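Q: All the letters of the sequence shown, read from the start, carry residue numbers 428 to 703 under the numbering used here.
Do not take every clue at face value.
Unchecked claim - In the SDA-like style, the derived pairs of lysine to any residue whose C-alpha atoms are separated by at most 25 angstroms in a straight line are:
#, residue 1, residue 2
1, Lys584, Gly624
2, Lys584, Arg667
3, Lys584, Pro654
4, Lys584, Gly649
5, Lys668, Gly606
6, Lys668, Arg639
To be verified - Computed Cβ-Cβ distance ranges for the label pairs, DEER-style:
#, residue 1, residue 2, range
7, Leu530, Ala675, 18 to 24 angstroms
8, Gly603, Thr678, 39 to 45 angstroms
9, Ala675, Gly604, 37 to 43 angstroms
10, Leu574, Val466, 19 to 25 angstroms
11, Gln535, Gly603, 38 to 44 angstroms
Keep in mind the hints are simulated off the structure, nothing from the lab.
Everything numeric in this text was worked out from a predicted model, so none of it was measured.
Glycine included, every Cβ here is placed at the ideal spot set by N, Cα and C.
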Amino acid sequence: MFFDLNIPVDDEQSSHNNRERLAMAVKLGYSTVALNHSVSGRLSDHQVPACGPPLTENLLNCVPGAKKTARMTSQRLSKSKDGLLGLRRRLTVLLEDPATSALMNSAQSVLTAYDIVAVQPTSDRTFQQACSMLEADLITVDFSRRLPFRLRPQAVKQALQRGLLFEITYSGLVRGGAGRRQLIGQGATLVRTVGAGGVVLSSGALRSGELRGAHDVINLGGLLGLPMPASQAALSEQCRKVLQHGDARRTYKGIFRVISCQVDESDVVDVDMDQV
């Protein structure tokens, strides 16, 4: 099964465009996609998401051939309450101000409403926060532009130890332009720093034409220095780890309570272990 954990669905995107991209994802054989809502600044309760559009057969008519592909591959597609395609909710928080970013963990009502929480650092300080303290599942960076911070190995190691993975979006490679060279060079730097096992490949597609099938994305991963098995894992096993990390973040909190008590010495009984 293949995943695309970054389908932007911000307010600027039309409803038809959203449905068209979801239908295209089915046609290309993806089993699960994440609908990505991007925010900046301090989190608030009104940012809790509404349900994404269900992928019914009517929506599959948006893309020629999508219905046929969905029918042929229905047994291997991830069935969910949303229909033919497994839909997950993702929040991406742009980390612009270190002081505001430090308050992110307190917005639990917002964070627990999303299956995936990603952070996008914009400075050395916010990158350090993302790697060391923020409750997130994924660190994403716009590699089509010059990085405003250094990928320090110690910070990267800390993030990996906490179970966070790093995302590279491939739509910049499809669009071409000046950012393509930046993306290839800086994406390769990330792969060398993080290692092949710490990378997730997603589309970040703004239009259905920017989506690519899994095997094409695996080949694009080679441009970033990912071996073919690692490129395949970046679309499957690594994505599954992100979702599992998100499930643990939302549902599990370890609480230890120390209870002090007094023991009456008269209630203490000596036991002869030789007679036990």
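Q: Tell me, which hint numbers fail for this structure?
A: Hint 5 contradicted; others consistent.
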